[in-house]
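J.: Take a look at the letters that make up each chain.
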Amino acid sequence: MAASVDSWSWFTALAVGVSLLKCLFINAYHSTDFEVHRNWLAITHSLPVSRWYHENSSEWTLDYPPLFAWFELGLSQAAQHFDPNMLQVENLNYASPSTVLFQRLSVVFTDLLFIYAVKECCRCVQVQKGSVEVLNRPSFVLAVLLLWNFGLLLVDHIHFQYNGFLFGFLLLSMAKHLQSRHLQGALLFAILLNLKHIYLYVAPAYGVFLLRSYCFTKDHPDGSIRWSSFSPLRLLALGSIVSSVFALSFGPFVAMGQLSQVLSRLFPFKRGLCHAYWAPNVWALYNSADKLLAVLGVRLKLVKEAELPRASMTGGLVQEFQHAVLPSVSPAVTLICTLLSILPALLSIWRRPRGSRAFLRCLLICALASFMFGWHVHEKAILIAILPLSILAVESREDAGIFLVLTTTGHYSLFPLIFTPAELPIKVCLMLMFTVFSFSALGKLHRAQGSLLRPLEIVYLLGLVAVAIGCEFIFPLSPWQQKLPFLPLLVTSVYCALGVSYSFLRLYVTLLRSDSKAKQL
Amino acid sequence: MQTWSLVSISVLLAVVVRWSVSLNSYSGAGKPPMFGDYEAQRHWQEVTYNLPLQQWYFNTTDNDLNYWGLDYPPLTAYHSWLCAYVAKLINPEWVELHRSRGFESPAHKLFMRATVLVTDVLIYIPAVVLYSFFLTGGSTKKRVSVLLSILLYPGLILIDYGHFQYNGVSLGFALWGILALGLSWDMLGSIAFSLALNYKQMELYHALPFFCYLLGKCVKAGLLGRGFMLLGRIAVAVLVTFALCWLPFLADPSQALQVVRRIFPVARGLFEDKVANTWCSLNTLIKIRSILTGDSQLYLSLALTLLAALPSSIRVLMKPTFWHFKLALVNSSLAFFLFSYQVHEKSILLAALPVCLLLNEFPFMSIWFLQASTFSMLPLFLKDGLLVPYTVTSVGYLFLTVYLLSALDESSEELGTYSKLFFFLPSKYLACIIRWKFYISIALMAVLSILSVALEPPTHLPDLFPVLASTTAFLQFLGTFLHFNIVQFNEPSKKNQKKNK
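Going line by line, the protein sequences match chains Z and U. Counting from 1, one number per residue, gives the positions in the first sequence under the numbering used here. Counting from 1, one number per residue, gives the positions in the second sequence under the numbering used here.
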């Protein structure tokens, strides 16, 4: 290609290419999330602010923080030029061609923020010495891994959500921290929290890191904390930025006395431990162990079948229910488990902060820990772990190995989201494209240091292929399709949970190992 | 990155783009009583599966030729039979005689789209991959760029996966033929091309160059020695292929004659609908169809077609090299498209395929032509409800190919042809002028596309936009035709030619 070594024309080509590809999915299947966002467009456009969090004529009530509601209001100004009928609150499930076109294009358009954030992250990646061919540069590999991420394409542009826009804020915030612009990073994260509160998962990492590395300006030579270097000015600056963002967002609702209503919408704990399709986390393993023990118990006549609770966790309904054999799990338990699991990581960056990359690793662990132990986790949340890991993967060989396992498993666990036969070739081909690229490119980047994957991991991934073929192709044509319709979901969930748990443990080991290495120095 | 991973990613991307386009509407969707090409293909499955072979091409009580009668050669009929066999296994309602007329359902659409993808993956895509790797010079990056540029050509994708046709089969076989000839496997090439001809008779557009190239090779090898043996082998291969394809119809001469009558309907007029060729464009100025009689129209178009196609074919007969062969394919198919009888706008694909093969040597002109060819089919796409895929794929293709093939670079070798013609202009200005011509034409096509969608035509000129589109496209095609003829007759020096082979 004619581009000179330093030009970024390849980045523009990648960005334009993926944006046009996203436009091809305009007429593909979209999930109920499409109606959710149309409903929110209608609510924010047609109703006064005081009614936003009270409106419930549709089952898809507003359950994102206020800044997102303002974002939808902004979108609705453009929407009225496409089809004003979509902005009527009564028009439930309204999906005219113009509506679909507008909503899809709005996702593609807001992804521009994500593209900008990816560019900033690519600039932070270390440049290899010597003029390397474009395809083998870490920044190129990172750009493809982020821009053409299969999970984002599937969830945002087929299933329909605005994750690209939100991840733009997260990646931009991370890039600012990597460039040591901590105040900007904090501002961006505060905005992000007020757009979608799921990012509370990673707030502890931010809090500890900013407090430790930004508010304490100097460390002792061995890296431990120097209490005298505490800067109240910096703390004040941070505090004022964060609180002003929150004030802007929640202020109007506090003034109207609706804070409790908003919070009850944001945190609906009435939902069950697991989503209808179990996210591949610890509770999926817990549920299946429970089911297995129940079945074994009945077989071995240790438990009477009549004593088992009737409601089936695999029935696809999202309710509260009890476990049969093992003790039931309540929201408080999940919170405690999550906190316990992130505590070692937070302590590690408090005692010996090793710069922004350690912060990135801690953020990753917080995201993954919350995925593993959280209450009512969606499988889409795995993306919060996959995207930051991409940055680490292009720089370190060990992280690349973990990335390959986590990403392949995580992306495959998203397959049940798109279940229509017409979209099957698209999801399979896109997944293959991403997987082939990630294995090939990361392998070439780190080839000097040996193979990326351990034999056990290779066996696991091959098993994943077998599960995929079984669940997507063989099972629908088999006689069990009628009797046990949930079986492929169960198998996918449990098998992927193994891979995700393994990656989580390995990531923790890398954090603690570098911590102990720093201690020895 | 390894070659195999780049190739597999390119092929997978091509499949994703194709399948995404296929999620949209098809020709004649929900438009009784005649529907469109999709229903025609379904009807052929119904006819070939339920009726005995002797009735396929005849007008009987069970087979109404006025409702999408079979008008392609026997291979298409056999292919339809095969698809119907599979369809019957899945859902017999899809091919039930008479009762399945106009059948439309999401599951059926999925099945039909899948048949197109299967034939593409088996026939067309492998041919493109092998062509880009064995007959394209340059680095791996260059070859993969050519591979992507051929695979993502919007015209073929939109027609096969949008409008609904099986051009991938006939073009795929033709490409296998070209590939084999490039690797000097002449017999296999002839067999492949004969298969293409037996799938769609429009492949005759390519027949003249194939014939002249092979004949030229035989002549060069000596008509009294090896050349004669080669000629004999090729002739036998072609005859055997034709015989095998037509075997069931050869038992009764009236059968064979009826098939020929169906595939060459000379009773129709000089052109139908708005198509970007000479006759339709001339018709806007002089009403040809009313001035000349049917017979004289036929003779005029025959004469002009041969006049336009012969020079390049005779050139390849004199100098049978692969480079000349490819250019002759372009020139011949363009000549036929511009001057032939009863040309449909989809026939531009027959010219687009050889031009795709020139993407390596002449990226600028090829990209220009390929964009124009997609644009020329815009009225058809609008009728089928394919505006969004058309826009996305055309825009994407333009950016992708210009970037990957560095087509707008200053140091392009293509300028050579223009420099010879306009020798009085310094090459710096020449490059500028040509680039601006390109930009203006792209802008014109974009503006016309937008106008066709946004505005209503005035009531006294209801066909204004299709006519404007086809006339613009016609001028581009004429320009391309002249350009490549000049290129073929101004062959670069031996050193360059070896590089381009």
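Some hints could be false.
Stated by the list, open to error - Covered stretches of chain Z (chain U as the covering partner; in silico rule of three or more C-beta atoms under 8 angstroms from a C-beta of chain U):
{"id": "1", "region": "9 to 19"}
{"id": "2", "region": "23 to 36"}
{"id": "3", "region": "433 to 439"}
Unchecked claim - Cβ pair distances, simulated, as ranges:
{"id": "4", "chain 1": "Z", "residue 1": "Leu92", "chain 2": "U", "residue 2": "Asn91", "range": "25 to 35 angstroms"}
{"id": "5", "chain 1": "Z", "residue 1": "Lys483", "chain 2": "U", "residue 2": "Asp62", "range": "35 to 45 angstroms"}
{"id": "6", "chain 1": "Z", "residue 1": "Leu92", "chain 2": "U", "residue 2": "Arg99", "range": "32 to 42 angstroms"}
{"id": "7", "chain 1": "Z", "residue 1": "Pro97", "chain 2": "U", "residue 2": "Asn91", "range": "46 to 56 angstroms"}
{"id": "8", "chain 1": "U", "residue 1": "Pro265", "chain 2": "Z", "residue 2": "Gly470", "range": "30 to 40 angstroms"}
{"id": "9", "chain 1": "U", "residue 1": "Leu89", "chain 2": "Z", "residue 2": "Leu92", "range": "36 to 46 angstroms"}
{"id": "10", "chain 1": "Z", "residue 1": "Leu296", "chain 2": "U", "residue 2": "Phe399", "range": "56 to 66 angstroms"}
{"id": "11", "chain 1": "Z", "residue 1": "Lys483", "chain 2": "U", "residue 2": "Asn91", "range": "41 to 51 angstroms"}
{"id": "12", "chain 1": "U", "residue 1": "Phe399", "chain 2": "Z", "residue 2": "Gln482", "range": "27 to 37 angstroms"}
{"id": "13", "chain 1": "U", "residue 1": "Pro265", "chain 2": "Z", "residue 2": "Thr420", "range": "35 to 45 angstroms"}
{"id": "14", "chain 1": "U", "residue 1": "Leu89", "chain 2": "Z", "residue 2": "Phe419", "range": "21 to 31 angstroms"}
{"id": "15", "chain 1": "U", "residue 1": "Asn283", "chain 2": "Z", "residue 2": "Pro97", "range": "29 to 39 angstroms"}
These are computed hints drawn from the structure, not numbers from a lab. These numbers come from a predicted model, not from an experiment. Backbone N, C-alpha and C fix where the C-beta goes; we use that ideal spot for every residue, glycine too.
J.: Please go over all the hints and tell whether each is borne out by the structure.
T.: The hints, checked one at a time:
Judged by the Cβ-Cβ criterion of 8 angstroms, the region 9 to 19 of chain Z is covered by chain U as claimed, because 4 of its residues qualify and three suffice. Judged by the Cβ-Cβ criterion of 8 angstroms, the region 23 to 36 of chain Z is covered by chain U as claimed, because 6 of its residues qualify and three suffice. Here's how the region 433 to 439 of chain Z fares: 4 of its residues keep a CB closer than 8 angstroms to some CB of chain U, so the rule of at least three is met and the hint holds. Between leucine 92/Z and asparagine 91/U the beta carbon distance is about 33 angstroms. The supplied range of 25 to 35 angstroms therefore holds.
In this structure, lysine 483/Z and aspartate 62/U meet the distance hint of 35 to 45 angstroms, their C-beta atoms being roughly 43 angstroms apart. Checked against the hint of 32 to 42 angstroms, the C-beta distance between leucine 92/Z and arginine 99/U comes to roughly 38 angstroms, which is consistent with it. Between proline 97/Z and asparagine 91/U the beta carbons are some 29 angstroms apart, a value that contradicts the proposed interval 46 to 56 angstroms. Restraint check, proline 265/U to glycine 470/Z: a C-beta distance of roughly 51 angstroms breaks the suggested window 30 to 40 angstroms.
For leucine 89/U and leucine 92/Z, the hinted distance range of 36 to 46 angstroms is satisfied, since their beta carbons lie about 40 angstroms from each other. For leucine 296/Z and phenylalanine 399/U, the Cβ-Cβ distance of about 60 angstroms falls inside the hinted range of 56 to 66 angstroms, so the restraint holds. Restraint check, lysine 483/Z to asparagine 91/U: a C-beta distance of roughly 23 angstroms breaks the suggested window 41 to 51 angstroms. At roughly 49 angstroms, the beta-carbon separation of phenylalanine 399/U and glutamine 482/Z lies outside the given 27 to 37 angstroms, and the hint is violated.
At about 41 angstroms, the CB distance of proline 265/U to threonine 420/Z agrees with the hint of 35 to 45 angstroms. Under the hint 21 to 31 angstroms, the C-beta atoms of leucine 89/U and phenylalanine 419/Z, about 24 angstroms apart, fit the expected range. At roughly 35 angstroms, the beta carbons of asparagine 283/U and proline 97/Z sit within the given window of 29 to 39 angstroms.
Violation of the numbered hints given earlier is confined to hints 7, 8, 11 and 12; the remaining hints are satisfied by the structure.
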